Amino acid sequence: MEKVRILIVEDEAIIAMELESQLQSLGYEVTSIVDTGEKAIEKAEADKPDLILMDIRIKGEMDGIDTAEVIRNKFNIPVIFSTAYLDQKRIERAKITMPFGYVLKPIQERDLKVTLEMALYVTKVDTERKRVEARLKESERSKSTLISNLQGMAYRCENAKNWPFLFVSEGAKNLTGYSKDEFTKQKVFLNDLIVKEDREHVWETVQNAIVKDLPFVIEYRICTAEGKLKWVWEKGRKISSGDNQLIFLEGFISDITDFKEAEITLKLQSKLIDSIDQGIIATDLRGQVLFFNKFAEKLYQWNSAEVLKMNIMDVTVPQVNEQQGKEIMVDLAKGESWSGEFMVQRKDGTAFMAQISNFPIHDDDGKLIGIVGTSRKADK
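So for the sequence shown, my numbering puts the first residue at 2; every next one is plus one.
Simulated from the structure, these hints should not be mistaken for laboratory data.
Please read these numbers as outputs of a predicted model, since none were measured by experiment.
Straight-line alpha carbon distances no greater than 27 Å define the calculated DSSO-like cross-link-like pairs of lysine-lysine that follow:
1. 197 with 229
2. 4 with 40
3. 229 with 186
4. 131 with 162
Full structure from sequences and hints, please.
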């Protein structure tokens, strides 16, 4: 199976290298690393990557948002934005480019993994929908055969608040619990399924896209015939007559409940780790800090934003204990564990004795990828 190919657009060399390492450890191929919008456009055309990981603030006359807009229009390559700044003005600009996700710096590998998987899934569904639309022109028979096999439902509907369907694929039954006949004979309407709190958001999103003559992409919740709550992803656009009058809407709706639940689980796990009364620190094999929980901040008096990408030796190990610290790191890099009391230091340089336990981190294939350690102040 071919690896997914990703282009990195990042103007900070250290961050770019770390991203490359993370992507490779996740099984992706990095096609190129560039630091300007102009170079990104050139590489997008030359390398034809499957996906682009783009920093919003980059060198050159074009920022990441401008660059993503050009790439979307010319090559239709999905873009995920990375940024340390998420002000409302920049978010509104970024929305126009229809990004497939955002990751906040400093980028955590677990967040990157989920965002990439969701973006690639959405891309796959979107590509499938376009393929279906092409087949629709060939014949009604091939249309019915192909659409019925999709994991989701294709539709054609009127632009009315209850979303009356003119056509819906067989996938409607699996997704919603209602048959296509129940929809097309208007015994049930999509708006009946949409959770009440989400209905106005869905309506406004679609109407804004129609006015701007753009496709719309939206996530919302539905309640199925069985009473089950599902998250769905929908992409569609208006179909117009020759004089640009709206005839109907066409699109595709798919189930993203598993991805939403995974996202929630990751957030809960992060909060759980932060609630533990021990410092938890994860590093790569070079000792660069990748994770620093709330208790570690309190214990060592460092803010996690300050220490991420710093070497653990510079953060917690006093000079008097440097040699022993290096020896322990060498053993840990070989996949060994270490536990015991160890003299550490706070940000202000004051030292204290801590109870430390360090363990290797392996990926699904058993490859050593990092180190995680717990620490607390030693009992007197």
